[in-house]
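K.L.:
Single-letter residue listing:
Number of protein chains: 2
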Amino acid sequence: MSGPTESRVTSKDVAAAAGVSRSAVSFAFNDPAKIADSTRQRILAVAKELGYTPNPVARMLQQGRTRSLGVLLPQDLPQIMENPYYSQFFVGLGQVCHREGLTLLLTPPLRNSMLKAIPYAAVDGFVVCGLEVDRGEVAELRRRGIPFVLVDSDPPEGVPSVDVDDQAGAREVVQHLLDLGHRRIAVISFDPGPDKEAYGYRGPLARRMAGIREALAGAGLAMDDLPLIEVPCTREDGYHAAKNLMLLDEPPTALVTLSDILAVGAIDAMHDLGIDIPGQISITGFDDQPEAAWVRPRLTTVRQPIIAKGRVAGDFLISAIRGETQHPHQVLHTVLIIRESTGPIR
Amino acid sequence: MSGPTESRVTSKDVAAAAGVSRSAVSFAFNDPAKIADSTRQRILAVAKELGYTPNPVARMLQQGRTRSLGVLLPQDLPQIMENPYYSQFFVGLGQVCHREGLTLLLTPPLRNSMLKAIPYAAVDGFVVCGLEVDRGEVAELRRRGIPFVLVDSDPPEGVPSVDVDDQAGAREVVQHLLDLGHRRIAVISFDPGPDKEAYGYRGPLARRMAGIREALAGAGLAMDDLPLIEVPCTREDGYHAAKNLMLLDEPPTALVTLSDILAVGAIDAMHDLGIDIPGQISITGFDDQPEAAWVRPRLTTVRQPIIAKGRVAGDFLISAIRGETQHPHQVLHTVLIIRESTGPIR
DNA sequence: ACGGTCTATTAACACGAGTTAGAAACACGT
DNA sequence: ACGTGTTTCTAACTCGTGTTAATAGACCGT
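Protein chains in written order, with numbering that gives the first Met the number 0: chain W, 0 to 345; chain S, 0 to 345.
Keep in mind the hints are simulated off the structure, nothing from the lab. One should not assume that every hint holds.
Note that the list lumps identical chains together, so a pair holds whenever it fits in one copy or between two copies.
Said to hold, decoys possible - List of simulated lysine-lysine pairs, DSSO-like, C-alpha gap at most 30 angstroms:
id, residue 1, residue 2
1, K47, K115
2, K11, K115
3, K115, K33
4, K47, K11
5, K33, K47
6, K195, K242
Take these sequences, add in the hints, and give me the full structure.
P.N.:
Dropping the structure here:
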């Protein structure tokens with residue numbers, strides 16, 4: 000009966016059992032040329048017998064590489080995993096990991112701080128997601144010498160980054176509504192978080208807002224003329240926000256939501272209120288997540304290439320890890336997907 | 000201008016700059032009681048000045064813990080991430096990580112081998128997913144002394160494991176069809192992989208097949224009487240399989256699929272063929288993934304508690320890591336969700 | 001038998017931390 | 001002045017690996 004809590008067997012144990020030095024064991028595994036084939040075979044046999052496998056952490060320390068990429072996330076794991084956006088992003092990132100033979104370490108905030116999570120992660124580099132307000136994360140990664148890529152942020156100069164042209168996307172979708180004759184347009188935005196007070200809008204949200212403003216300006220409208228509701232990004236919140244908007248004295252004829260999830264909730268609300276889409280109201284989403292094509296009516300939305308974003312972020316990170324010193328900054332395009340949830344005003 | 004490739008600063012550098020020993024630096028950070036407060040402040044100041052943060056890998060090696068859980072996966076990352084099943088599973092596992100303050104390391108097969116991936120992962124324990132044919136993974140983890148939990152497998156004795164009562168689920172859904180009067184039932188199964196030849200059905204697939212067989216037996220039918228198609232688990236494959244089944248001389252009146260994805264494809268096929276669901280054919284899924292409630296008609300399916308499975312697996316792993324020597328084996332229940340895609344034979 | 005070349009093997013170090021035992025410095029009471 | 005006790009710091013070890021420089025030994029030709 001081999002004890003269940005047998006202490007882990009190290010290369011020292013193998014060396015002792017085979018009657019050689021520790022170095023010989025290492026050579027047997029890593030550098031067959033430096034050792035006689037007969038003793039190599041003997042060492043390997045003993046190693047197998049004892050069930051020896053090198054300790055990954057020790058090897059990481061010695062080699063200075065971990066063979067895994069880190070993703071520094073802005074929310075806790077359950078929230079991230081519930082969000083289909085990240086599923087797609089991880090598909091793209093996963094393609095790179097697969098190609099390079101790397102693992103993926105998901106690093107949520109530690110005690111509500113992305114910064115605090117950094118020093119505990121054993122990775123070769125970080126993809127930093129949704130860092131809208133930099134609380135020292137960039138400086139920390141920089142001086143620590145860890146390669147990293149910023150995604151969905153306000154990228155400072157000299158840092159590799161990947162973003163999407165949120166502004167153009169928002170502009171186009173609002174322009175689409177204007178072209179259909181809508182003027183009373185309401186906006187349902189996802190919550191900018193507590194940082195809005197101190198910093199105003201940041202990152203993708205700021206760009207989307209700017210895009211909306213830009214399109215409105217072309218029609219002689221201002222943001223302040225429109226009702227705006229900010230809620231957490233769940234279906235229920237979209238539902239309630241939309242319902243409340245329809246109770247206004249002059250209810251909107253079009254609803255611009257900044258996320259498909261909110262739009263789906265809004266569609267539910269209209270359904271319950273007996274309001275026809277797009278006959279009485281037009282609704283738009285953002286992201287083009289799978290739900291957008293499932294709901295009825297199918298959702299007009301702004302598609303952003305999430306999988307490509309993940310893949311490009313991974314590629315940039317790989318090249319940063321390889322020591323290439325360029326700092327590429329790529330902005331991916333959005334596409335307006337017109338489906339059935341928008342129509343002309345009547 | 001601080002150089003960009005400044006070599007990482009270690010505790011030795013801090014010690015030298017502060018004129019103390021390395022140990023003092025360590026104490027300043029970890030054990031304030033063992034050092035004079037004045038020098039502690041000085042060390043911390045110097046450390047901050049130099050931008051020192053302890054190396055996570057070195058600490059892991061010394062402390063013998065990594066503060067991260069591993070998930071040993073049966074497929075490559077892109078495939079995993081495309082699969083909504085795993086998104087839900089990771090939500091449950093993420094809850095545990097969040098509670099315990101741990102990170103999550105996704106470990107796909109290395110060169111097509113789960114076994115080979117094990118020695119490269121720096122984790123405190125593994126959740127092993129979908130290990131249907133054990134090629135030494137269990138032995139490897141055991142002798143390495145790494146705690147682990149098996150999920151969706153054929154768990155051997157003395158190993159913590161979490162499973163779902165697939166057999167009961169399959170039995171009930173087939174019974175439901177039998178109760179509706181169906182006798183010509185076809186099965187679309189996901190591909191059992193190349194191991195079927197050598198080992199036959201294994202794991203959840205084996206249990207689901209057994210459940211089907213069991214229900215059929217009650218009605219005096221045998222598995223061999225039914226058409227069975229095995230395909231990879233994608234929507235397109237479900238589509239083509241369903242279409243082919245309808246071309247048979249005596250087409251089935253009910254379609255049992257072993258995954259919602261396949262069922263959704265089958266629904267598409269019936270739509271294209273102009274066959275009414277559930278008027279002319281009944282279709283059932285398995286898992287109750289979000290799509291099941293989105294498609295029209297809404298899918299009758301077997302719900303398995305995926306999030307709970309992830310959470311229980313995480314809990315078992317945590318207690319195994321804590322050294323508790325029980326080997327719990329939990330089987331979660333399924334629920335038959337009857338929606339609109341099944342109806343009485345006519 | 002001897003110097004030389006070549007090969008198999010090992011001792012010693014590096015990676016970067018945490019930790020134990022003990023030395024040095026100082027205060028105190030007698 | 002001496003022993004005792006306390007505080008403050010450090011030398012030296014640990015974790016488990018990979019790698020370099022040096023040693024021991026075998027083999028060869030003359």
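K.L.:
All hints, please: hold or fail.
P.N.:
Comparing the hints with the structure gives:
no. : hint           : result
1   : K47 with K115  : between (41 angstroms within a copy, 15 angstroms between copies)
2   : K11 with K115  : between (36 angstroms within a copy, 22 angstroms between copies)
3   : K115 with K33  : between (44 angstroms within a copy, 24 angstroms between copies)
4   : K47 with K11   : within (14 angstroms within a copy, 38 angstroms between copies)
5   : K33 with K47   : within (20 angstroms within a copy, 45 angstroms between copies)
6   : K195 with K242 : within (25 angstroms within a copy, 54 angstroms between copies)
Comparing the model with each earlier hint shows no violations; every hint is respected.
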